[in-house]
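Residues per chain, in single letters:
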Amino acid sequence: MLEAVAARLASAAVVVLGVCTLVFLLIHLVPGDPVEAMLGEGARPADRVALRAALGLDRPLGEQYVDYLARLARFDLGVSFQERRPVAELLAERLPATLELAIAALALALVIAIPLGVLAAARHGGPLDGGATGLALLGIAIPNFWLGPLLILVFSLWLDWTPVSGRDGLASLILPAVTLGTGLAAVLTRMVRASVLEVLGEDYIRTARAKGLGPITVLWRHALRNAWLPVLTLIGLQLGGLLGGAVITETVFAWPGVGSLLIDAIHARDYPVVQACVLLISLAYLSVNALTDLVYTWVDPRIRLG
Amino acid sequence: MAIGVIPEPSPGWPLSGISEPLLEVCDLTVRVVRPEGTAAVVAGLDFRIARGETLALLGESGCGKSMTALALMRLLPPAVVAVTGQVRLAGADLLRLPERAMRRVRGGQVAMIFQEPQTALNPVLTVGAQVAEAVRRHTGRHGARAVRERVVELLGEVGIPAPRERLGDYPHQLSGGMKQRVVIAMALAGRPQLLIADEPTTALDVTIQAEILALIVGLQRRHAMALLLITHDLGIVAETADRLAVMYAGRLVEEAPCAAFFAGPAHPYGRRLLASRPSLDRRAAAPAGIPGRVPPPGASVVGCRFAERCDLAAPACRSAEPAWHPVAAGHRVRCHRWAEADPPPADAAARRPRPAGETEVLLRVDGLVVHFPIRRGLLGREAGRVRAVDGVSLTLHPGRTLALVGESGCGKTTVGRALVRLVAPTAGALWYRGRDLARLGGRELRALRKDLQIVFQDPYGAMNPRLRVGDIVGEGLRTMGLASGRAARCRVAELLEQVGLAAEDARRWPHAFSGGQRQRIGIARALAPEPRLIVCDEPTSALDVSVQAQILGLLARLQRERAIAYLFISHDLSVVAQMADEVAVMYLGRIVERGTVDEVLDRPRHPYTRALLSAVPVVEVAARRPAIRLAGERPSPARPPAGCRFHPRCPEALAVCGRTDPPEVCLGGRHWVSCLRAG
Ligand SMILES: Nc1ncnc2c1ncn2[C@@H]1O[C@H](COP(=O)(O)OP(=O)(O)OP(=O)(O)O)[C@@H](O)[C@H]1O
Ligand code: SF4
Ligand code: SF4
Ligand SMILES: [Mg+2]
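Respectively, the protein sequence lines represent chains A and B.
First residue of the first sequence? That's 484 in our numbering, and the numbers climb one at a time after it.
First residue of the second sequence? That's 128 in our numbering, and the numbers climb one at a time after it.
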């Protein structure tokens, strides 16, 4: 068990280093001269030289890399050109909004997906199953850039129940969370259903029924405990994505999170901010995944007890 | 929805001995959905079981035994569309009971043990919790302590050592035999009147199988339970059952007291089944087998379902399905012509002439060692070694069969794979034609490889399902550059005919063939490059007895014709007795005893060989050996015990056995044994 945990953490560390390196190279990988891209055509040569020096781009690559890592270790993410403020500060401002949205969306998705998926599997082939499967398909098919505006149209403009955009109290959270949570709920419903169905076909379920246990006990004690394991992995993957990937939803609702910060920074060619956002999103993804694996290790006795 | 003939009361039925049956099954029919419509996989079954009695339900794979058991418990899979008939348990019709009442019956009056202990237990619940569930459900005990005490008692009763310490164990921490004991404990929790055991030992090793069977029979006697024992093994029937019912393609075809059946089966299927069974003592008498195969379920058979394979079949058999005919008290049969004598077998089961004396050596295995590293952690650090094969020496002769016997995990398959160089030996030599195969590589090895072929255990898993049979058989010819184009096609056609298939089969896909036919394809593939040695790795363990007999007969004929040497790997001593000239018994990576088949099977000297032999279920009462029980479980080959590897389980162990590794000593002739008490 301890060995497995150590191995998992070690592999996560290796990937983190890889991500940092890629983000570092980002600025060198964009086609053309980054300085030119940032300053535009008509910049004065003196400004260019100054910016190049400020970014450290005039030094050898290796030296830049070491310097970059050293700064990262101090949580120094550079300074935003646009805002003239430390990037770390900007991120710290935006992160709570993103977390709030991600957690709300995930909670919503779980509340819908788990009962629906379990019921669909338990009533396999019945009308409930058909309904749940259809809904799930629909939920996966609807893109967020379409669902978001639709919800705004109905609930904000027609009914005037919720604010159109921005982050101002609980009411403003509802529509973004629904937009983001729908797709997730759909994916999770299908996964929960498939996982429970598969487990219900296992031999030990037959053994449990042969003991004379009732359907609810069989489902609750025997099926769900096993069905959880694959679902858990999926939730981890999705949450990792949510933490950074709410870009579209955040933009649609002008939600002041990391996603919209990233979009703004890309528009403004604010490279340090872009780098920091990409780094944060990747790290969020990685750490949630590592955490999921560790939880999995702990939940499954076959791994826990070797 | 009655199907076929409803049994009419006839003399000898109801059985004289049975006054009040516990279970009475009438006209039980189970229909399942199939692509081509619904099919009755169990058709009009009727039988009874008295209190305390053991009825064996015997039949080959797919004949509907498990479906019958599941129908009795009302645990059928969703594909089942209809169950009709009656299942009366102490008067109540289980098929018509409300589900809630049925749940009290399941695990209460009727309990079930399943075939696959590996998957029968829930992997995320402790065994204590799983047994406790059954206790709580059926005994009305609820206090945590009272339930726990009962669980400990039950686990103790099924022979789990130190049961109190095992309560918190998860299933994966127990061996297969231990898991099956837990399943049995669960079944006992509700003090059932009827125990249904569906192939309870098929997935276990021979020595474990014997113990579990003894346990089930002991518990049945102690608790005066009735037992419905489902099996395909006639030996198990003979050793445990009072009566048996033979099932064929969804139908019962014969029902008889065991003694009467083994003295003279009435149905031609029963007769051929008995004749197909290899026996420890009918050595080298090639069992006949049954030609053809079982009609697929749902095939619309008019008349007798066995007619295609029956050598007594008459025109009347194909027009009317036979009804029950009484044979004697309690013995009845569904056959029009049961009273006729068998025609003399076409090729009289000739004793295979055994080549006597010394012959030239084809392949000599000298101190073969194969270790597999156990890798752990991120960098794949070697954390230990599985000593799969740890110093094995063998000699193979042209035209002779050396059988390698042992229980699962002892290293048999690894020896076979090392011989054809599918795994690289860690140490030791494989002398073939003056060259050491273990040290050859590249082109030299490829040139010799055509001489050494292998037939695998699982015929289907060993074939690429996307290749046609012709390509599977001809693959070796082409890649080894032995033939191509037209010549290769002719050779493939010839090979298919030699193994009893048709030349046209070359164009078909492997999934269209039955298990036995697939094994024939596997044999044709091995024969293609005209090898001198074929390693047969459990070639029949996935097959039914009647088909197994066909394949064994084929292998024997090919050997006679071409003087091929076989390394015949098997865990089944009865098969070995029939096929082998010499036998080597393997335990935990070592050969513990070897010699001619008569030396090893008639005068076993190693305690392990003796235990293996005593565990084989046999039909002939006179041939039964007193049971030798082995203590404990097979140790892991990663940590073999010091001294004699068998000493922790050996009933004859001396103090010195834990310290000294016994050397191989010759007992005369070709008989060698590694035991400190021998010689
Ligand atoms: N879930 C299922 N759906 C449809 N058909 C099935 C299902 N399970 C079994 N069958 C079919 O029912 C028939 C009887 O199967 P059953 O499992 O009872 O055979 P069996 O005698 O127990 O064989 P074995 O010795 O291999 O266990 C077979 O033809 C099988 O293919
Ligand atoms: S009824 Fe006819 S075909 Fe069927 S088993 Fe008897 S003799 Fe053979
Ligand atoms: S050497 Fe000892 S422990 Fe080993 S088999 Fe012989 S008697 Fe048993
Ligand atoms: Mg079965």
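If you're looking for bench data, these hints aren't it; they were derived computationally from the structure.
Mixed in with the good hints there might be a few duds.
Restraint-style ranges between C-beta atoms, simulated for each label pair [said to hold, decoys possible]:
1) B:Ile-501 x A:Thr-780: 17 to 25 Å
2) B:Gly-518 x A:Leu-552: 35 to 43 Å
3) B:Gly-295 x A:Leu-633: 35 to 43 Å
4) A:Thr-780 x B:Pro-205: 52 to 60 Å
5) B:Gly-518 x A:Gly-501: 42 to 50 Å
6) B:Gly-569 x A:Gly-501: 33 to 41 Å
7) B:Gly-295 x A:Pro-598: 54 to 62 Å
From chain A, some residues computed to sit far from chain B (all C-beta separations above 10 Å) [to be verified]:
8) Val-562
9) Trp-629
10) Thr-734
Keep in mind the model is a prediction, meaning the values are calculated, not measured.
Ideal Cβ positions, reconstructed from N, Cα and C, are used throughout, including at glycine.
Of the hints given before, which are not true for this structure?
Numbers 2, 3, 4 and 7 - these are the hints that the structure violates, sorted from lowest upward.
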